[in-house]
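S.K.: This note's numbering applies: residue 1025 is where the sequence shown begins, and numbers increase by one.
Read the hints as simulated data drawn from the structure, not as lab findings.
Treat the hints loosely; a few may be bogus.
List time: in silico DMTMM-like cross-link candidates among lysine to aspartate or glutamate, alpha-carbon distance up to 25 Å [unchecked claim]:
no. : residue 1 : residue 2
1   : K1053     : D1032
2   : K1444     : E1407
3   : K1090     : D1212
4   : K1096     : D1043
5   : K1311     : D1103
6   : K1466     : D1356
7   : K1421     : D1290
8   : K1466     : D1456
9   : K1090     : D1071
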Amino acid sequence: MKFLPPNDDITLYEQGFEDDVLDRAKIGKSLSELVDRIEDPLVIALDGQWGAGKSFFLKRWVGAHKTENDGKAITVYFDAFANDCFGDPLVGLVAALGERLPKAQTKMKGIRVAAAKVVRPAARAALALATFGATEALSDLGDAVVGSLSKDAETAVDSFWKAEEGRRAAMEEFRAAIVALQKSEGADGDVRPLVIVVDELDRCRPDYALDVLEVIKHFFAVSKVHFILGVNLSALENSVKARYGSEIDAEAYLRKFINLTFSLPDTVGDYDSKRAIPFYASHLARKMGLTQKAADYVTDHLKIVEKTNTISVRDVGRVMSQISIFPDVVWDEQRTLYGWREAAISLAVAKMIKPSMYRKFLDATASEADLRDYFGAPVLVTEEQGETGRNQLYDHKRAIRLWMWQHLCGATNSIPERTKPHVIKFFDDWGDIDRPAEIPKKISGLWLDLFKI
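Work the whole structure out from these sequences, hints included.
M.R.: Here it is as structure tokens:
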């Protein structure tokens, strides 16, 4: 049995979706068709929470675009988080482009020369040399203010505008150099599309993340040059607020830079589709060598809680690592009662996907409302009988887990009277437990705390 999920090592640009467990190749093909077809420069955001599999998808797509989808565009992968210590993102983007096209150094030289003229604008430093507060003077260019400036201040203002004119010219030069590169890489002088994938943008320093967007907008506004951002848009909105204040409409601000968004599907398959998270959990259990019994128990549990909780692909890996170190006795139905086993799984899963609920489970302090919310178990699905007979919406597996934890947490008012004896026997063959609230900590001490993740 393995403790860690399979390694995600990949050779960029060479590997695609060979081991496509979550059926991502289809959306990758649609993305390839889009970026090859559209001429206007696009910024496309792949939106998803941390651990959702964005990097997994993007690292494979930059290779699959050509090798599997017959794409025309040059693809470049840029890890923004790995480069945010270097200051100006233009430097990192140009370096990534040069590394991707080692045979195009003649054209890359023109790009580097143009970039060097603008990566560190000197306008603010020049203005600092002026007397009489020349920086403030720029905010009001009235005749009276300009007339009061010293000779040094006038020189600083002239230098500022010359620097700005030079910067604008250099930006045009940079864009022209990008087009020249595209033509040199195209067939018969055609402009070849260029797609730059910027991954891990939401993990960067807020200023750097927003500088990346500014650089894309101003330097790469070139026909057939597209960007795909791997990002959690909610986190990026927080970066906007960190820079401009909490009152700004961060979503509207980002719309100025991002044209399209998409997310990875949460189902696998077409006609007989399955939920991606339980499907991946089952796959991972096999890869890690968990027993079929363990895999079935955990997968069933995830099917229930993933409907009302955010669970990422990475979360599933962490859950399976925790399950892998459970002792064999947990899965022995002759030695371990159902309630203890299911409570152990609840603790392991909640610990990874919702720590606040894990603490309530552990202390047996969850309210009925907490439990119904976590298990997605409103009254509508936990009552067996409706007004006219059997309730067609009744979900037995969901109800069982709700009642089990209601019993442990002392929130037993809504457990059906005829069901209570059965729930108690989940934890004791004789149906006699004095202090059920102590069971979660006993389980944790026996099976979760010996080796902690």
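S.K.: Against each hint, give a clear statement of whether it holds in the structure.
M.R.: Going down the list of hints, with the structure as the test:
no.	hint	result
1	K1053 to D1032	holds (21 Å)
2	K1444 to E1407	holds (14 Å)
3	K1090 to D1212	holds (19 Å)
4	K1096 to D1043	holds (23 Å)
5	K1311 to D1103	violated (28 Å)
6	K1466 to D1356	holds (18 Å)
7	K1421 to D1290	holds (22 Å)
8	K1466 to D1456	holds (17 Å)
9	K1090 to D1071	holds (23 Å)
Hint 5 from the list above is the single one not met by this structure.
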